[in-house]
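Student: Given next are the chains, with one letter for each unit.
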Amino acid sequence: MNDILDIKEENLDKNGNNGNKNAEKNEKKSKKDKIITSLAITAGVFGVLAVGFGVGYAIVQTQALEYKDNLENIYESNFYSLLDNVNNLDNKLSKTLNSSASDFQRKTLLEASKNASEAEIAVASLPLNPADIHETVKMVNQISGYTSTLSEKLVEGTLSQEDYQMLQEIYQSVNQLKISLNEFARKLNAGYSIIDGSISKNYEASDFAISLSTFKDNDITYPSMIYDGPFSDSVVNSEIKGLHGERIKKSEAQTRLQKFFKNASSVEYESETTGRFDTYNFRVFNSENEILFVQVSQIGGYILTISGAGENGKSSTSIEDAREIALNFAVDNGIESPQIVWSDSIDNDVYFNITPTQNGIILYPDLVKVKVNLTSGTVVGYDSTSYFTNHTQRNLSRGDIKYSQVSGKIPSNFELLQNRLALVPLDYNREVVCIEVEATENGSRYYFYFNDIDGKLENVLKVIETDNGNLLM
Amino acid sequence: MIKKIKYISIATLAMISAVAGVGATVNFAHDGVSENYYVDALTTAQTKTVQTKLKQWGYYKGAVDGIFGPKTKEAVKYFQRKNGLTVDGIVGKKTAAAMGISLSSSGSSTTSQSSSDLNLLAKIVYAEARGEPYTGQVAIAAVVLNRVKSASFPNTIAGVIYQPYAFTAVDDGQINLTPNQTAYKAAQDALNGWDPTYGCLFYYNPKTATSSWIWSRKTVVTIGNHVFAV
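Protein sequence lines correspond, in order, to chains G and B. Sequential numbering of the first sequence, starting at 1, is according to our numbering. Sequential numbering of the second sequence, starting at 1, is according to our numbering.
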């Protein structure tokens, strides 16, 4: 019995032992399971994420490709528009050269001008570094200006030998560009991508850019075009007539400014400008909130420009006072018999256009601009570069035309306001004394300019009101 | 186990939101600029409204013609004096409010032209030079206008600003930031003819400029961080 019991106990013991081992096994198994499960879940999540990423990427990629294709199409359309216009320009120039009938030439020159102008828009919208194509843009712009000037000349005259020679030279340049562009068109036709081929990270000209900038390698010479019209080289390089006197030192300029801006806390030298005008540049500390950048001409020591933002705040100065401030400032800077011809108020600043007068005639080419801030009551902007570029003692002879002779030429639906004599710049290099007549029609304001010698209508200006302008005069 | 799943789901959420974030950035690149600034306009129609009001109240005796002439200005001053406003003859927000009229530029006028040139210029100024001194900002706008006049560049403000690779701030989308008031003032000054660079066509920051070509241009003036050249 005891034995049996013993055995039972042994069994029990054995069983007990067996039970412990089983539990361990079970525990290990469940741990393994847990790890597997969590791994599976992790893998699953990553899998889902990966698929998500993949799908997302594919969508973004497809969209990007679609955008790229659209852009490529726009660029190619612009290229073909350029090609068409250059082909037509070449054709029109050759027709002009091979004809002697003024009427026909006038027509072909006008068309050439339009082709050149459209070629400019097309070439400038291509994805190329502006540095690589600026000669080409300049050429088509100038051709457009030159051909339209010639066509105007043909209204009353004929082309001179020099005109033919210039046209011949232009034709050769255009022909060269045409050949180069047509070669490129064949490449494009064979599958070249403008986007892939033109975007260069190192600012190196792509072969596409090179095909457009035929003038870089100086294979052909591109003529310097001087004519009385837009974009002419002569307009860019016009001489400075109004700046006289000794070249002054930096310290002299500083002393002058200190005297001029008596209330400024300090006048600090900043830099120098060397170019069309040589200037010393200073910073004038008018007040805590008002710092002006002032440029003084090295010749003569005149204030050429002032720029400052002006304070924002309550206006403490009336428009009348601002007018006085502006006029006094002009007088102090050597502007002869200044008169305010226009003013415009924007926010807290009033802009005055001031002209000198000679024998009572307003000199528009010598316009001076003054900006007065109504909070501080000081001049925060000034520009006399036109004055110093153009001002000279002119021989202004009065014509015989009287106001009563020209006022009838204005349509009767206009209400005539005031009239005065003014020297007006016309056609880039020409100045003409005109009778200026101010008139209104249906709420819009116009200025008519009649030549003082023959009464011819030279120009009509319309005052365009914008969303931010506050006409005062 | 539950904890682990929690961690994993947090990680998943973070990742998904990261993915969503990428998507969002792509979309935001197309956001336009909201026009919440610039209301100080007085168009012909608005002037007519002002004149009508002033006439009704006996401040103005002239014609309701939409032209802000000396008589209208005097009438506005008279109105301002009587109503305890700053007497400057300008119909600003306060004077307009006192007259009971709205000056918001939308709607009323048919003759007014939009200031898209000014807005575009202000955008390029802000995008390219918002950290620069005021004159440096005027100079950027002046360069754009000089390019419009130059034969070597497109002939419109939009053409110049959007010419490919002409301005880095246009290429990278900063052009679509909303300009501040200083940028508007600088753009306005340049439109009115101010040009502290005297005809410059190029500018660059000598610390960051990578193009060797740009260094070959003739330097005219340095304003702030920018070198201006022809």
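Everything labelled a hint here was simulated from the structure, so no lab data went into it. It is possible that part of the hints are untrue.
Pairs of lysine-lysine, DSS-like flavour, derived with a Cα cap of 27 Å [claimed, not checked]:
hint : chain 1 : residue 1 : chain 2 : residue 2
1    : B       : K218      : G       : K241
2    : B       : K149      : G       : K153
3    : G       : K314      : B       : K77
4    : G       : K462      : B       : K94
5    : G       : K462      : B       : K71
6    : B       : K48       : G       : K462
7    : G       : K314      : B       : K73
8    : B       : K149      : G       : K314
9    : G       : K138      : B       : K94
10   : B       : K82       : G       : K314
11   : B       : K48       : B       : K71
12   : G       : K153      : G       : K107
13   : B       : K48       : G       : K250
14   : B       : K149      : G       : K114
15   : B       : K149      : G       : K178
16   : B       : K55       : B       : K73
17   : G       : K314      : B       : K218
18   : G       : K462      : B       : K218
Coverage of chain B stretches by chain G, computed from C-beta distances (three or more under 8 Å per stretch; other residues unrestricted) [stated by the list, open to error]:
hint : stretch
19   : 51-62
20   : 76-90
21   : 124-138
22   : 179-188
23   : 194-204
24   : 209-221
Being a predicted model, the structure only gives us computed values, none of them experimental. Every residue, glycine too, gets a C-beta built ideally from N, C-alpha and C.
Student: Next step is simple, just say for each hint if it's right about the structure.
Tutor: Here is how each hint holds up against the structure:
1. B/K218 <-> G/K241: Within the cut-off at roughly 23 Å; holds.
2. B/K149 <-> G/K153: Holds, at about 23 Å.
3. G/K314 <-> B/K77: Roughly 16 Å separates the two Cα atoms, so the pair holds.
4. G/K462 <-> B/K94: Status violated; Cα separation ~30 Å.
5. G/K462 <-> B/K71: holds (22 Å)
6. B/K48 <-> G/K462: Status holds; Cα separation ~19 Å.
7. G/K314 <-> B/K73: This hinted pair holds, its Cα atoms lying about 19 Å apart.
8. B/K149 <-> G/K314: violated (37 Å)
9. G/K138 <-> B/K94: This hinted pair is violated, its Cα atoms lying about 50 Å apart.
10. B/K82 <-> G/K314: Holds, because 19 Å separates the two Cα atoms, which is no more than 27 Å.
11. B/K48 <-> B/K71: OK: B/K48 and B/K71 at ~13 Å, within 27 Å.
12. G/K153 <-> G/K107: Cα-Cα ~12 Å, so holds.
13. B/K48 <-> G/K250: violated (53 Å)
14. B/K149 <-> G/K114: holds (18 Å)
15. B/K149 <-> G/K178: The hint holds at about 26 Å.
16. B/K55 <-> B/K73: Cα-Cα ~13 Å, so holds.
17. G/K314 <-> B/K218: Cα-Cα ~44 Å, so violated.
18. G/K462 <-> B/K218: violated (39 Å)
19. 51-62: violated (count 0)
20. 76-90: holds (count 5)
21. 124-138: This one holds; 4 residues, not fewer than the three required, reach chain G with a Cβ under 8 Å.
22. 179-188: holds (count 5)
23. 194-204: As far as the stretch 194-204 of chain B goes, the hint holds, because 7 residues have Cβ atoms under 8 Å from chain G.
24. 209-221: Contact hint for the stretch 209-221 of chain B vs chain G: holds, 9 residues under 8 Å.
Checked against the numbered hints given earlier, the structure breaks hints 4, 8, 9, 13, 17, 18 and 19 and satisfies all the rest.
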